[in-house]
Each structure stands twice: as C-alpha cells, then as structure tokens.
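S.K.: One-letter residues, chain by chain:
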Amino acid sequence: MSFGPMFLLATMEGLVMAAVLALTALGLSLVFGVMRIVNVAHGEMFMLGAVLAWAISTAFAGHPSIGFVAALLVAPLVVGGVAMLSERLVLRQLNYDPEATIVATIGLLYIIQQLALTFYGADARPVQAPFNVRVQLPWFGYSGYKLFVIFAAIVLMLATWFVLTRTKIGLIMRATQYDRETALAFGIPVDRVYAGVFALGAMLAATAAVLVVPIQQAHYLMGRDPLLLSFIVVIIGGLGSLRGTIIAALLIGLSDGIISTLYFSPTLAKMLATLLVAMVLVFRPQGLFGTVAK
Amino acid sequence: MADALTISGLDAYYGEVQVLRGFELTLKKGEVLCLLGRNGAGKTTALKSIMGLVSVRAGHIIKDGKDLTKLPAHEVPKTGVAYVPQGRRLFAELTVAENLEIGLMTRGKGDVTRESVLGLFPVLRERLSQRSGTLSGGEQQMLAMARALCIEPDVLLLDEPTEGLMPSMIARIREAVAELRQRGVSTILVEQRVDAVLSLADRVAFIENGQNRETVPVEDVRADPDYVRRYVGVS
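Heads up: the sequence lines are chains A and B, in that order. Position 227 of the first sequence, counted from 1, bears residue number 532 in my numbering, the numbering being contiguous throughout. Position 139 of the second sequence, counted from 1, bears residue number 322 in my numbering, the numbering being contiguous throughout.
In short, the hints are calculated from the structure, not lab data. Among the hints, a few may not be true.
[To be verified] If you anchor each label on the Cβ, the simulated ranges turn out as follows:
| id | chain 1 | residue 1 | chain 2 | residue 2 | range |
| --- | --- | --- | --- | --- | --- |
| 1 | A | VAL438 | B | LYS261 | 22 to 32 Å |
| 2 | B | LYS211 | A | ASP402 | 35 to 45 Å |
| 3 | A | PRO403 | B | GLY347 | 51 to 61 Å |
| 4 | A | LEU394 | B | GLY320 | 55 to 65 Å |
| 5 | B | LYS261 | A | ILE407 | 52 to 62 Å |
| 6 | B | GLU397 | A | ARG589 | 18 to 28 Å |
[What the hints assert, rightly or not] With the C-beta cut set under 7 Å, the calculated list includes, among others, these residues of chain B facing chain A:
| id | residue |
| --- | --- |
| 7 | MET234 |
| 8 | ARG240 |
| 9 | ALA241 |
| 10 | LEU254 |
| 11 | HIS257 |
| 12 | GLY270 |
| 13 | PHE274 |
| 14 | ILE285 |
| 15 | THR289 |
| 16 | LYS292 |
| 17 | TYR414 |
For each residue, glycine too, the CB sits at the ideal point set by N, CA and C.
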C-alpha cells in the first residue's frame, strides 16, 4: 500500500483510538477536577463496562443491534451505580483525603478485577457490532461502526461540555470544584455532588468501553491500558481541564494510530507518549491547559 | 429587641485543636454586632461554627427555634444565614452572574432578589459576564457581599470585609452594611479596623482565647478606649 492510503488508514485508526481515549480520560479528569481524587480504579470501570456489555448483549437474541443498544443504555448505569456505592462506602469514609483515596482506589481496582475474573472468567469474549456497513473513503472502504464510535464520542463530549457550562448542575459542579467550603456555605450538598461526579466519571469510561468492545474483545485485564493512557492524557492536557483532555487525547490517539500503523510499532508509540509526559512534567507540570494550584 | 441568633456553650475544633471554649453570643434582630479581638482569638472560627464549617462538639446555635449545630453544613444557608468569608472566596473562574446565581439557587427569589442586590451594588451590573477573578479588590468584595445577599438572609456574617481595600471602597462597603441594617438584616461583623467598628456597630463583643469576654454597647467602647487597648492591644 502506498503512503497516501496508508496515512489515511493510520489517521482513521488514530481517530477511533482518540475518541475512546478522550471519553475515558474525560471521566478521570472530571473526577480529579471536581473531587481532587486520583481514581486508580478508573480502568476497572472501563473493564466492567466492557464485561457488562458482553453479558447484556449476549442475553438478547435476534439482531445484534438490540443487544448492543441495551448494553449501551444499561452497562453505564450499572457501572455508575457501582461507582456511587464505592464513593459512599469508601471515599466518603476517608473524607476524600487525596492520599488515602489513592490507596483505597488501588484496593477497589483489585476487588473489581478479581470479581470479574471470578464471575466472568479469564477468556476474552467478542461482542458483535450493531451494524456492519463499509463506508467508501478515497482509497478503501472503512468500517462504518468505527466512524460511528468517533461520532458517538463527539456527541458525548459535546453533551458533557454542555452540561458543565450551560446547566445549573454544571454550575454547581464547577463551584464545588473551585471551592468546596464556600460551596457548602451556599447550600450545595457537596457529598451528593461528589457521588454524582464519581458516578459520571465511571459512566463515561463504561460508555467508552461499550463502544469499543465490538472492535476489541472484553477481558478482565483490559482496564490497564485505558488507565495508563488516560493518565498520560490528563497529565499532558492538565488534570481537570476538559479542553486539555480532548486535545491531549487527539494527540496521543493520533500519534499512537499513525505510528502503530505506519511503522508497525505500538511500542514506539507508547515510548513517544511517555516521553511527552516526561517533558510536560519537567517543563509544564500543570499540563498544557491546566492551571497552577493556588 | 428579639434575638436573631443565640450561641451557647459552644466548643469548636480544627481537627483536634480546640479553638472555641464555651463560646456565648447573642445577636439581636436588626443590629450590627462586631467581634473584636486579637489574631487567633476565635472570631473567624465563631462565624465558621455558625455555618457548620468546623467541627462543633458541644453547645447550641439557635435560630428561629432551630439548632443549627444539628444541621448538615449545606442546610444552614437555607435557614437564612449568609456568610461572606475572609478573603472573599469567590468562585474565581465563574463569571459575576454565575457567582450571583449560586447565591440565588440557595434561597433567593430569582430576578426580584437579583435586581434588589444589583441595586445595592450597581457597578456589578456592568460586569455580569466578566470572570470574577479579574475584578478589582473592591469589586470582588462587593460581589462577595452581593452573592451572600442573594440568599435573602436575615442573618449576615461578614468576615473582615474591608481588609486590603482602598478608602473609597471601604466607605462603599460601610454604606452597604448600614443600608442592610435599615432593611432589617442582623449582622455579625468581624473587623480589625477599630474606626469601622465604632462607626458601624450597635454592640461590640470582645473575643479572647476562644471565649466572648464581654459584649457592650458601642457607646461604651467609644467612651472608654481601655476596652480596645485591653482586648486588641491598640488604642
């Protein structure tokens, strides 16, 4: 294949990856931005979304789209419920202490992972795509489902941006993010906001996972890479910055897709991403779009 | 004059450190009560205790028959108590309008409250879409007060509202406090500037080592400079 088609294919693959990554990282960034908590179990929320997507979609007979739509609606809700329960039983008891919650979410990671291993098993299992359409690009036909993933991620990110910047709930979330104590003094039930944000962050990761399982299979260890890449994205973009998260996800997703496809080296792509993180940490520790804590 | 707020036997802590010890205070309806005392005496902690922002382990804060110490912190403003913290504590990344909206969401009556508050601080009307962190110090203080007034409080807690402001702004803040007294709002004012205390207060409570040593009418403080010398260390 000549360079032109190869480059277009690499770009498309990179965009799909960026879309899934942006959604996952957005959840991580939102949780940190509002709650100042580094959720190490975020990747397991992603994994749980994927595993549930398999369980739900296989429970429905008939056209794959029925099971997929059910998974897209139900799996994020269940994962949101698990996150809310974790917030109530663990994080709230620790008074959202930044250090203690890191250790606690590491514990959550293992609990969720082992539960998945126990009840789901060690096998990787496929979920059928809801439709199988090829869209003709200049040099080749490309998966219509992958284009749908990009479109769905854009819609979800726009919806998140709209909620955060144009609604009362978003205003309450932003006020809580900027000053927890003053938010309390103005009648904002901070504990409930935290529970909602933690659930929302997990639901974004779960939605990304449901979108991605028809492309890569569901597996109980699949949370590790999204967690690592999400951290890379939010460190580069700036923890808590919506714009930074999206731009960094595009940067990492595209570079990963292009380098992996053009040079057949996913390892080289990961090395470059890690190098970029190191450079950001040295020269701009708050990330490209983050603000310095006062 | 009836009581707007009564504090009795209050023990308040920051972590394991006790700051207030058996603190007593009575705020009468429609008065401006100033808390005076040295740094670390417990003035700010007294205000935060009322708002439920520090740990209270003993005592009562009674407003309209309700004990505020029994409420979660986010329920306190809904009883009509508003707080203007030291250093303003605006939501700096939010616009002026959004800061006011936060106050209105708590208890205010929408546009009516908003117009009434903007009538008190007209300069904010021109800045509604501006990020509050970019306002001048005086404008920020006005916004902090305006945001609190959006709650439509009957008890207002002001923590050093004139700190770091230029004289013209201090005069504006004083006018606003006087105007609020006319509207029947009861105010507890923590203030380091003795001249401000003497010009605004109806009564003065002298705070020392986490206790209210005595509460006296402002005329007595004017007549006897020894009060200020004894509790604040300046004359």
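S.K.: Compare the structure with each hint and give your call.
M.R.: Verification of the supplied hints:
1. For VAL438 of chain A paired with LYS261 of chain B, a C-beta distance near 54 Å fails the hint of 22 to 32 Å.
2. In this structure the hint that LYS211 of chain B and ASP402 of chain A lie 35 to 45 Å apart at CB holds, the actual value being about 41 Å.
3. Distance hint check for PRO403 of chain A and GLY347 of chain B: the Cβ-Cβ separation is about 30 Å, which falls outside the suggested range of 51 to 61 Å.
4. Checked against the hint of 55 to 65 Å, the pair LEU394 of chain A and GLY320 of chain B fails, with Cβ atoms roughly 44 Å apart.
5. At roughly 35 Å, the beta-carbon separation of LYS261 of chain B and ILE407 of chain A lies outside the given 52 to 62 Å, and the hint is violated.
6. For GLU397 of chain B and ARG589 of chain A, the hinted distance range of 18 to 28 Å is not satisfied, since their beta carbons lie about 55 Å from each other.
7. Hint status for MET234 of chain B: holds, given a least beta-carbon distance of 5 Å to chain A, under 7 Å.
8. Annotation: ARG240 of chain B was flagged as interfacial toward chain A, and the flag is violated, the nearest CB pair being 17 Å apart, outside 7 Å.
9. For the restraint placing ALA241 of chain B at the interface with chain A, the shortest Cβ-Cβ distance is roughly 22 Å, beyond the 7 Å limit, so the hint is violated.
10. Interface restraint check: LEU254 of chain B against chain A, minimum CB-CB distance 11 Å, threshold 7 Å, status violated.
11. Satisfaction of the interface hint for HIS257 of chain B is found here, the shortest Cβ-Cβ separation to chain A being roughly 5 Å, below the 7 Å cut-off.
12. With a least beta-carbon distance of about 10 Å to chain A, the hint placing GLY270 of chain B at the interface is violated under the 7 Å criterion.
13. Hint on PHE274 of chain B holds. Least Cβ distance to chain A is approximately 5 Å, under the 7 Å limit.
14. Interface restraint check: ILE285 of chain B against chain A, minimum CB-CB distance 5 Å, threshold 7 Å, status holds.
15. Below 7 Å, beta-carbon pairs count as interface contacts, and THR289 of chain B has one with chain A at about 4 Å; its hint therefore holds.
16. About 15 Å separates the beta-carbon of LYS292 of chain B from the nearest beta-carbon of chain A, more than 7 Å, and the hint is not met.
17. Among the interface hints, the one on TYR414 of chain B is violated; its C-beta lies about 27 Å from the nearest C-beta in chain A, farther than the 7 Å criterion.
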